[in-house]
Amino acid sequence: MKEALQRFGAAGVGAILFGVAFWALMLIAGPMLLMVDMAFHPYLPNPADVGGPKDVYTVANFAKVFTDELNWKVFSKTMYSSILVTIIALLIGYPLSFILVRSGRSGWVGILMIGLLIPFWVNEILRTFAWQLLLARYGFINTMLMNLGLTDDPIAFTNTDFGVQVGLVYAYILFMIFPLYSTMESLDPNQVDAARDLGAPFWRIHWDIVIPHSKPGIASGCIVTFMLAAGSYIVPELLGGTRAIWFTKLIYLQFDAINWNLGAAYAFSLVVMCLLFILLMMAIFRVTLKDIAR
Amino acid sequence: MANDLELIDVVKKFGDFTAVHGVTVTMPQGEFFSFLGPSGCGKTTILRMISGFIDPSAGVIRLGGRDLNGIGPNKRPTALIFQNLALFPLMSVADNIGYGLMVRGVGKTERRQVVDRMLELIALKGYGDKRIDELSGGQKQRVAIARALAVEPKVLLLDEPLSALDLKLRQHMRQELRALQRRTGVTFIYITHDQGEALAMSDRVAVMSQGRIEQIGTSTEIYNSPQTAFVAAFVGENNAIGGKVTAAEYGYGAIDTPFGRLRAANPRGMKPGEEAVLFVRPERVHLAGQNGANGSDNALESQVLDGVFEGPVANILLANQGDARPITVTLTNDGATPRVSRGERRRVAFSPDDAILLPPYGAAHGAGGPA
Numbered sequence: 003m004k005e006a007l008q009r010f011g012a013a014g015v016g017a018i019l020f021g022v023a024f025w026a027l028m029l030i031a032g033p034m035l036l037m038v039d040m041a042f043h044p045y046l047p048n049p050a051d052v053g054g055p056k057d058v059y060t061v062a063n064f065a066k067v068f069t070d071e072l073n074w075k076v077f078s079k080t081m082y083s084s085i086l087v088t089i090i091a092l093l094i095g096y097p098l099s100f101i102l103v104r105s106g107r108s109g110w111v112g113i114l115m116i117g118l119l120i121p122f123w124v125n126e127i128l129r130t131f132a133w134q135l136l137l138a139r140y141g142f143i144n145t146m147l148m149n150l151g152l153t154d155d156p157i158a159f160t161n162t163d164f165g166v167q168v169g170l171v172y173a174y175i176l177f178m179i180f181p182l183y184s185t186m187e188s189l190d191p192n193q194v195d196a197a198r199d200l201g202a203p204f205w206r207i208h209w210d211i212v213i214p215h216s217k218p219g220i221a222s223g224c225i226v227t228f229m230l231a232a233g234s235y236i237v238p239e240l241l242g243g244t245r246a247i248w249f250t251k252l253i254y255l256q257f258d259a260i261n262w263n264l265g266a267a268y269a270f271s272l273v274v275m276c277l278l279f280i281l282l283m284m285a286i287f288r289v290t291l292k293d294i295a296r
Numbered sequence: 283m284a285n286d287l288e289l290i291d292v293v294k295k296f297g298d299f300t301a302v303h304g305v306t307v308t309m310p311q312g313e314f315f316s317f318l319g320p321s322g323c324g325k326t327t328i329l330r331m332i333s334g335f336i337d338p339s340a341g342v343i344r345l346g347g348r349d350l351n352g353i354g355p356n357k358r359p360t361a362l363i364f365q366n367l368a369l370f371p372l373m374s375v376a377d378n379i380g381y382g383l384m385v386r387g388v389g390k391t392e393r394r395q396v397v398d399r400m401l402e403l404i405a406l407k408g409y410g411d412k413r414i415d416e417l418s419g420g421q422k423q424r425v426a427i428a429r430a431l432a433v434e435p436k437v438l439l440l441d442e443p444l445s446a447l448d449l450k451l452r453q454h455m456r457q458e459l460r461a462l463q464r465r466t467g468v469t470f471i472y473i474t475h476d477q478g479e480a481l482a483m484s485d486r487v488a489v490m491s492q493g494r495i496e497q498i499g500t501s502t503e504i505y506n507s508p509q510t511a512f513v514a515a516f517v518g519e520n521n522a523i524g525g526k527v528t529a530a531e532y533g534y535g536a537i538d539t540p541f542g543r544l545r546a547a548n549p550r551g552m553k554p555g556e557e558a559v560l561f562v563r564p565e566r567v568h569l570a571g572q573n574g575a576n577g578s579d580n581a582l583e584s585q586v587l588d589g590v591f592e593g594p595v596a597n598i599l600l601a602n603q604g605d606a607r608p609i610t611v612t613l614t615n616d617g618a619t620p621r622v623s624r625g626e627r628r629r630v631a632f633s634p635d636d637a638i639l640l641p642p643y644g645a646a647h648g649a650g651g652p653a
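Residue numbers (the working numbering), protein chains in the order written: chain A, 3 to 296; chain B, 283 to 653.
Treat the hints with caution; some may be incorrect.
Said to hold, decoys possible - Among the chain B residues that face chain A by a calculated CB cut under 10 Å, a handful are:
1) Phe364
2) Ser374
3) Gly617
Claimed, not checked - DSS-like, lysine-lysine: derived pairs with alpha carbons at most 27 Å apart:
4) Lys217/A with Lys407/B
5) Lys66/A with Lys56/A
6) Lys436/B with Lys407/B
7) Lys412/B with Lys292/A
8) Lys412/B with Lys450/B
9) Lys79/A with Lys292/A
Just so you know, these hints were derived from the structure itself, not from any lab.
Note that the Cβ used here is the ideal one computed from N, Cα and C, for glycine as well.
Throw the hints in and build the complete structure from the sequences for me.
Structure, rendered in structure tokens:
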């Protein structure tokens, strides 16, 4: 602080602090709080009623998430699918990151890294459309399966929860791999060799050495992947169509139907669930926010 | 004996580069054996082949007559102490020491007994619950040794484990390692570029250069009777004077040097006409006229470049010819050391028995000497 004062002067530091405060309070916290306030008010079609006696605080909007059968179904499915997507991304990302780290930066590892990265320079919508082509009724995968004689009729991948889950794993797996890769990279390779030298079989080395060391990376990878999957709009929209509806779609529909209050309550419920998931992850992996942010 | 470790014509190639050229050596059970050499000489590669992390390209490694080829590091009766120790920072001291037993499925009670015994062995009783980062450098060192010994290896491999410690602690740990080895009777194979460590601790030393063993012998043999110019120059301080052999008989040889004709022991049987290097240790060279200098000695005269006082000894550096390194004379600070001033010419002498004639670097294979 002293250094900053010397460098920028009181006015400079004041300007910086004001800028940060404005950004944090007015642009982030403010709209969020407005949304929370909105969520606790009923929808009043007549603008004249707003601020009137009918405009009371209520939890009715939230109750709708859990009491309305369709809402609850979609909400719980979104949660369950996001957890599933997170687990699958972890199961793919963990060994992949480990192999990448252990192979060093030589030859084919670099190519593999670039191979992972390049698709992500393409817009998410385009990538999802590509998966639509792959998973379509007479798309690449179905044609291949039929040519191999593994199935006679095309399997319905699109417009199903399965299709959405596949798309979500693909869309967000890098957000799992990067934190995993960076924590694993900081593990001294001699630790792995030492465990092996002491007689540890393959799985024990991972259970005792690699996983405990990578916990912050696993936790932050899981959190980010879960949040992105639960909050994804475009992937379920394109791969799930009208049959596999995600909770984000319900939120969108409420806002679209001008019932901002209900939409806000839905959105807020999703945020709360995501926060609970973060806390759960932190408890499971016994890490603090500081570990994750590292 | 039952658990002798044998390396027979062991070769390791990495692509076009040959790191180890046909090394053959037998280390009897209970020996403290060191591989000594500069970095890149292949000593670490040998260690990793013995521990099983890499496979030899050719040759056999046997322990107690059993071929170790194809047995992974987790199945070998060897334990490795890493240069950076590689203790597990997220585990307690006791868990570190007991780790090898735990993964072998040894029960909690028995494990506890072994850990306690190990803690006692390394004089860290009561430290079991400490975290690794609460230990000092020397304590970490001992925990690493205990962790390796807890699995009762037949062979303990040590990869320069003392290099991170400061000088005093390093010297202390040398004695401790040596004592520990005697007490446990386990074969210790020690890798180092520090000749002081190798000479001080080992029963036998193998001096390595460019993937080959230059010489195997006890510390005294290595120091007093080097067989190659590399060993003579790498182990300890040595004065080198180059020249051409003029006569060789009765185990002695004469060599014509820029300082005139000098005589020395000729264990390699070098013949007249061959290029040779005469090596003589600084502590075996005397100022002429001092005790021990007599008529049969070699004598040479040169200009004093500098004098370096080191406390117990003083080194006098004389201009050499044909070799960039000056001739060093080490004088003991016994109160009778004469004053020598820079720039003056001095006559020095040494006995032919204290000097040795060897072929120059690279005469046997390849080029280059110790850096």
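Hint check results:
{"no.": "1", "hint": "Phe364", "verdict": "5 Å, holds"}
{"no.": "2", "hint": "Ser374", "verdict": "13 Å, violated"}
{"no.": "3", "hint": "Gly617", "verdict": "51 Å, violated"}
{"no.": "4", "hint": "Lys217/A with Lys407/B", "verdict": "32 Å, violated"}
{"no.": "5", "hint": "Lys66/A with Lys56/A", "verdict": "19 Å, holds"}
{"no.": "6", "hint": "Lys436/B with Lys407/B", "verdict": "25 Å, holds"}
{"no.": "7", "hint": "Lys412/B with Lys292/A", "verdict": "24 Å, holds"}
{"no.": "8", "hint": "Lys412/B with Lys450/B", "verdict": "25 Å, holds"}
{"no.": "9", "hint": "Lys79/A with Lys292/A", "verdict": "31 Å, violated"}
In summary, the structure is inconsistent with hints 2, 3, 4 and 9 from the numbered list given earlier, while agreeing with the others.
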